[in-house]
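> The chain contents come next:
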Amino acid sequence: MGRTPQTVSPPWAVDVRRAAWGIRRRVMEHTIANNGGYLSQACCAAEILATLYLKTMRLGPSIAPMIPPAFPGVPGPGNSDYVTGGLYHGEAAPDRDRFYLSPAHYALVLYAALIEAGRMAPEGLAQFNQDGSTVEMIGAEHSPGFSMMGGALAQTLSQAAGVALARRLKGERGRVWVFLSDGEFQEGQTWETIAALAFYKLDRLGVYVDVNGQQCDGETEDVMTTEPLDKRIESFGGRAVIVDGHDPAAINAPADLHPDGRPLFVLCRTDPCRGIPLLNERRPRLHYVRFTSPAEREVYRVWYQEHMAAGRGED
Amino acid sequence: MEILTKVHAQNLVSWAKNKPRVVVMSADLTGSTEIAEFQQAYPERFFSMGIAEQNMLSFAAGMAREGFIPFIHTFAVFIYRQALNQIVSSVAYSNLPVKMFGFLPGITTPGGATHQAIEDVAVMRAVPNMTVFETSDATEIETILDPILETPGPVYVRMLRGEVPRLFPKDEPFRPGVPRVLSTGSDITLITAGICTEEAMRATRALTARGLSIHHVHVSTHKPFTSPILLDAVTRPRLGIITMENGTIVGGLGSEVAELMAESGVGKKLRRIGLRDTFAHGGSRPYLTKKYGLDAMALARAAEELAGAALNITEADLAGVRIEAVHSQAKAEAL
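If you're matching them up, the sequences are chains A and B in order. Going by my numbering, the first sequence opens with residue 3, and the numbers climb by one from there. Going by my numbering, the second sequence opens with residue 38, and the numbers climb by one from there.
Hints listed in this document are in silico derivations from the structure and should not be mistaken for laboratory results. Incorrect hints may have been included.
Unchecked claim - Straight-line C-alpha distance at most 25 Å; calculated SDA-like pairs for lysine to any residue:
no.	chain 1	residue 1	chain 2	residue 2
1	A	Lys172	B	Pro189
2	B	Lys54	A	Glu174
3	B	Lys305	B	Ala159
4	B	Lys328	B	Glu156
5	A	Lys172	B	Ile106
6	A	Lys172	B	Pro80
7	B	Lys56	B	Ile106
8	A	Lys172	B	Gln76
9	A	Lys57	A	Arg19
10	B	Lys260	A	Gly75
11	A	Lys172	B	Val50
12	B	Lys327	B	Gly345
13	A	Lys233	B	Ile88
14	A	Lys203	A	Glu174
15	A	Lys172	B	Phe83
16	A	Lys172	B	Glu103
17	A	Lys203	A	Glu236
18	B	Lys56	B	Asp208
19	B	Lys260	A	Gly80
20	A	Lys233	A	Ile244
21	B	Lys56	A	Arg170
22	B	Lys54	A	Gly173
23	B	Lys306	B	Arg242
24	B	Lys260	A	Val76
25	B	Lys260	B	Arg212
26	B	Lys260	A	Gly78
27	A	Lys172	B	Ala78
28	B	Lys43	B	Tyr79
29	A	Lys203	B	Leu66
30	A	Lys172	B	Ala53
31	A	Lys233	A	Pro261
32	B	Lys56	A	Tyr202
33	B	Lys306	B	Ser264
34	A	Lys203	B	Asp65
35	B	Lys305	B	Phe262
36	B	Lys327	B	His152
37	A	Lys203	B	Arg58
38	B	Lys207	B	Thr188
39	B	Lys56	A	Arg175
Turn these sequences into a full structure, and let the hints steer you where they fit.
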């Protein structure tokens with residue numbers, strides 16, 4: 003795995019690192035309280051999401067309530083009051099960016115990121131996985147920060163491509179950002195989409211990929227390899243950049259590249275145990291953490307108290 | 038009977054002229070789904086998506102979110118079989134106005150089981166927010182675009198191509214949710230859809246000549262299936278009801294009628310004509326309709342069964358009302 007050299011840390015990176023730490027802390031806290039959670043995804047994606055929200059993306063201020071409203075019912079006839087969780091990303095203005103997170107099981111991490119970005123109240127997380135709430139375990143269209151149904155995987159990128167083409171037809175300048183997991187490159191639809199993105203030269207669309215090498219059954223290398231991911235993407239007409247997925251400056255840098263007609267894929271190499279080394283003991287199954295015994299949960303609780311609870315701790 | 042050629046191709050071009058939000062998407066079957074003329078007329082609103090239906094359906098959903106109305110054109114099987122999860126999760130859940138034009142319904146193609154959409158009505162009407170239409174003649178093809186555009190959310194329509202008859206007068210357009218009553222009667226109610234209506238019209242004359250009073254209703258909206266005309270139709274016959282559809286009887290028109298009857302407490306005999314839980318194979322339309330019991334003779338046999346008496350209808354009787362010119366000029370269908 004090639005890593006870019008450590009870049010000089012700009013002043014804004016301090017805020018991003020603090021937010022990333024906050025994401026990990028909130029997800030860890032939640033996982034202990036609920037005896038389970040998508041903890042490893044927070045370890046991987048904390049800096050990526052913090053960088054996107056605090057630095058890279060040009061989103062308007064949230065127009066959603068700080069405390070998420072109750073489930074509004076599904077879209078369809080007779081539900082005219084229905085709104086999506088996209089309101090947390092502000093007005094869909096022509097010059098603003100759009101952001102779509104594809105792997106909907108990262109929902110807990112996204113909610114934590116919204117809190118760190120000041121777009122959702124910390125109390126909102128108390129509704130997580132509660133009946134009648136929009137703060138669902140697998141993010142749906144109505145969940146905070148979501149505006150598509152991504153749970154089946156691979157469909158969000160296609161939809162975002164359609165959004166990007168439509169926005170170009172309308173003459174809008176805003177960019178379209180997608181957060182993707184590396185496992186989604188096992189889906190044929192993802193490659194159909196990259197072909198279409200390249201064919202229509204949709205270079206206003208940028209994809210941040212969490213290349214953590216992990217999936218439900220274990221390590222991607224043992225399940226169905228997607229490497230060499232950069233070469234595969236480039237051979238389909240995409241533009242691939244490999245970065246250290248825990249370095250805010252490195253994560254943000256590709257967004258400043260001059261568009262060259264190719265859709266941008268920022269391959270963020272990440273560590274699925276970053277910041278919570280205890281998780282290494284659970285390898286290779288890191289997809290969902292459910293404590294196997296009260297004793298294990300207690301180990302995590304004590305570690306959390308010592309390393310995270312006081313808000314201190316850095317990488 | 039008037040036979041017309043490539044009705045959709047010409048109609049779509051003139052209809053779409055002042056509708057800039059309507060875009061057409063193709064999965065490498067542009068000539069085969071009669072949109073080459075649209076591509077030529079409005080190249081900026083035509084999008085070639087390649088042989089990649091899953092991306093096409095989700096991509097269309099993204100465009101629909103931004104105010105466009107994608108008209109998906111390909112063979113029906115490549116819509117609902119190839120991309121069902123995309124239809125459900127990207128399109129239907131969000132009630133997005135993606136309009137799906139599915140060609141080669143049922144046994145209208147010699148392309149065999151991979152190309153024959155036989156369970157599409159069953160599958161698509163099970164998807165929440167989905168509206169399901171079916172065309173049967175030139176008039177319906179010419180007048181279905183406004184209803185499709187005006188129907189909120191996703192629409193799936195079984196389309197006909199090439200040479201099609203005009204069964205219904207030009208001034209009686211397709212009306213969503215409103216079946217057509219083709220004859221009124223009191224012995225047997227006949228409910229048909231798609232190409233089966235033309236076939237059934239041949240049999241009804243022979244049946245009437247044998248003294249049976251036939252109530253014939255043509256359906257072009259599979260979902261919603263709520264018209265009072267339908268309830269009236271299943272309530273009135275003395276002997277029973279026959280449905281006839283170009284597809285499997287599991288979940289299609291026959292099931293729609295059965296559900297309506299059961300929920301309305303109508304306790305009458307129902308005979309469902311269609312593919313009897315089987316795949317078909319490649320062959321000509323006359324061969325396939327005969328082999329799989331989708332022809333006028335199958336309908337005559339079902340009527341005999343309900344009447345409890347031999348009507349002695351022969352091929353010669355049906356041939357007398359058969360309009361051979363309908364298909365004699367049709368070229369062998371290529372893919």
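> So which of those numbered hints doesn't the model satisfy?
No hint contradicted; all consistent.
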